[in-house]
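Peer 1: Chain by chain, the residues run as shown.
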Amino acid sequence: MKRSAAVRAAIALLALAPLVAIAVGVGLSLGAGTLSWTAALHGIEPDATVLFRLRVPRVVLAAIVGAGLSVAGVALQALLRNPLADPFIFGLSGGAAIGAALSVAVTGTALGVAGASAAGWIGLLPTQLAAILGSLAAAVLVFTLGRARGRLHPERALLVGVVFNSFASAVVIALESVLAPEKTQAVLLWLAGTLGYEPEGVLVAAGAVVLVAAAILTALAGRLNLLALGDEGAAALGVDVEATRLLAFFAASAAVGAAVALTGLVGFVGLVVPHAVRLVAGPDHRVVLPASALGGAAFLVLADAIARALFRGLGTEPPVGAVTALLGAPLFVLLLRRRT
Amino acid sequence: MTAPLLAIESVRYRHDAQSPEAVAGVSLRVDPGEVVGLIGPNAAGKSTLARIACGLLRPAAGSVRLRGDDAFALPRRERARRVAFLSQDEPADLPFTAREVALMGRAPHLGLWALEAPGDRALAEAALAEADALDLAGRPVAQLSGGERQRVFLARAFAQDAALLVLDEPTGALDLAHQVLLVRAVRRRAQSGRGALLVLHDLALAGAACDRLVLLRAGRLLAEGPPLEVLRPELLGEAYGTEVDVVPDPATGQPLVAPRIRR
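Taken in sequence, the protein lines are chains A and B. Counting from -15, one number per residue, gives the positions in the first sequence under this note's numbering. Counting from 1050, one number per residue, gives the positions in the second sequence under this note's numbering.
No lab work stands behind these hints, which were simulated from the structure alone. C-beta: ideal position from N, C-alpha, C; glycine also. Heads up, a few of these hints could be off.
Stated by the list, open to error - Examples of chain B residues lying across from chain A (beta carbon under 10 Å, computed): (1) 1145; (2) 1150; (3) 1189; (4) 1192; (5) 1196; (6) 1261.
Said to hold, decoys possible - Here are the simulated distance ranges between beta carbons: (7) B/1284 <-> A/133: 37 to 43 Å; (8) A/319 <-> B/1141: 23 to 29 Å; (9) B/1222 <-> A/151: 43 to 49 Å; (10) B/1167 <-> A/183: 44 to 50 Å; (11) A/21 <-> B/1142: 47 to 53 Å; (12) B/1298 <-> A/264: 28 to 34 Å; (13) B/1144 <-> A/183: 39 to 45 Å; (14) A/-3 <-> B/1111: 32 to 38 Å; (15) A/2 <-> B/1144: 42 to 48 Å; (16) A/158 <-> B/1066: 31 to 37 Å; (17) A/195 <-> B/1066: 56 to 62 Å; (18) A/165 <-> B/1141: 22 to 28 Å.
Generate the whole structure from the sequences, applying the supplied hints.
Peer 2: What follows is the structure, given as structure tokens:
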């Protein structure tokens, strides 16, 4: 690694660009029905609608979510100095799950109607709004309880997050046991992580959130490297440890919040993509962060394409969260074995 | 007259409200060109004082000035350009290579995206060479031996290019040849107008390496002066609570210190 970080980051991005292109190509080609590219590009229906109204937004959505979850995973692993950290570790998944389950539970009641109109006003589904509010509340809770003597203690926040996630899954199970079967089914599907078809405005907003979060985290990348030296070691090199941690925590939470709102809980991406990137590119966050954004985008676009293609055989679309794990686990083991 | 690299005035510090004062009113200065040794028994407050000198611990009372400026009013990065710190417990399990760790020393000099210029890379290479760690450059730090790792962290401190080096127990893991190499590197830096504060347990090494020694006990200053004045049997006996022999080195005249062990 004699080359500078900038050069290595550029090499990694150039190497990943074809992968993203392939993933997008596959994502646009695969689907429940067949598509004629020439017809679609000449504006002939129904191919044009299938391509531009269904598949393009879907690919963009998968790319945004995959990138957001991956950069958040990188940041949280660095903050906690723990390779097992995933984007949901700080209780965000628990909060989102409670929110979503509650919103399903109240569907049809006066509260449900009010929530639906509030969500519709900003262009979201009620479940999405509830998930955002739930994960925000969880982030604030974990952050507040993770502080002691005016400082955020990562180990403490981690413990609070883990305990809160267990608590939340108990709440969700309790809710499911009293809900009607079709409502339970809706909650379960959402928890497994499902990509849908989002309006353009929502996609643009989520894309902007993820882009800003990724930019903030990439600017913090040098400092995240120094945090590996310990709080004191980083401080001795001029890092404001507390401010870095706060900023990274909230940037990562925002990216995860955007992803969760759009798709529910897509597991595995935020844990495995950063590790796969590190195995190839080394530990430097100035390379790992931008590379994980691209790698995560490509991975989820591909996983979603496979999920949609499976529709033809199964007659139903498996949640993308299941596909990421089915696809990602063997890939990761393969990579791990080849490198060590 | 130039401001001292480090001027500590009557600082006091306790780790928490219940514990006794770790540092109880100590003053200390390091002038340009000077290598100062901080010696004393365990829990004398040496490491705490070293951290206070670097602005890493804020004393309850007293002041810390780096080249005349309040260490706690300086922006963090500016402070890190004035003083480099090598801790006694640097992490052992870093995934980064030795070269990457040496480059971390350049962090206080980098801009928003923390990207190094060729000059930074050249300084890191020179620092690795100075610490005799150039042949380790491509290896992950986690795979190195304790002494090798120590040289890599030393290279990081050198690469930081600060006027003042504060090294806490830098020789603990080093073999004899590398102890000599360290002392010579630090003294060479001092000759160019920089300075160092070294926390040392090896008193003979402290006598050979330093222009001035500061002897602490229980958070207080017990003696301060040139090595020959501080390394006296009665003073060391009092500080450490054990009998100590001091004999001049037949070749150099430097004091050699040995505890008297009766068996």
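Peer 1: Indicate, hint by hint, whether the structure satisfies it.
Peer 2: Now the hints, each set against the structure:
no., hint, verdict
1, 1145, "6 Å, holds"
2, 1150, "8 Å, holds"
3, 1189, "9 Å, holds"
4, 1192, "13 Å, violated"
5, 1196, "19 Å, violated"
6, 1261, "24 Å, violated"
7, B/1284 <-> A/133: 37 to 43 Å, "40 Å, holds"
8, A/319 <-> B/1141: 23 to 29 Å, "26 Å, holds"
9, B/1222 <-> A/151: 43 to 49 Å, "46 Å, holds"
10, B/1167 <-> A/183: 44 to 50 Å, "49 Å, holds"
11, A/21 <-> B/1142: 47 to 53 Å, "51 Å, holds"
12, B/1298 <-> A/264: 28 to 34 Å, "55 Å, violated"
13, B/1144 <-> A/183: 39 to 45 Å, "42 Å, holds"
14, A/-3 <-> B/1111: 32 to 38 Å, "50 Å, violated"
15, A/2 <-> B/1144: 42 to 48 Å, "27 Å, violated"
16, A/158 <-> B/1066: 31 to 37 Å, "44 Å, violated"
17, A/195 <-> B/1066: 56 to 62 Å, "47 Å, violated"
18, A/165 <-> B/1141: 22 to 28 Å, "54 Å, violated"
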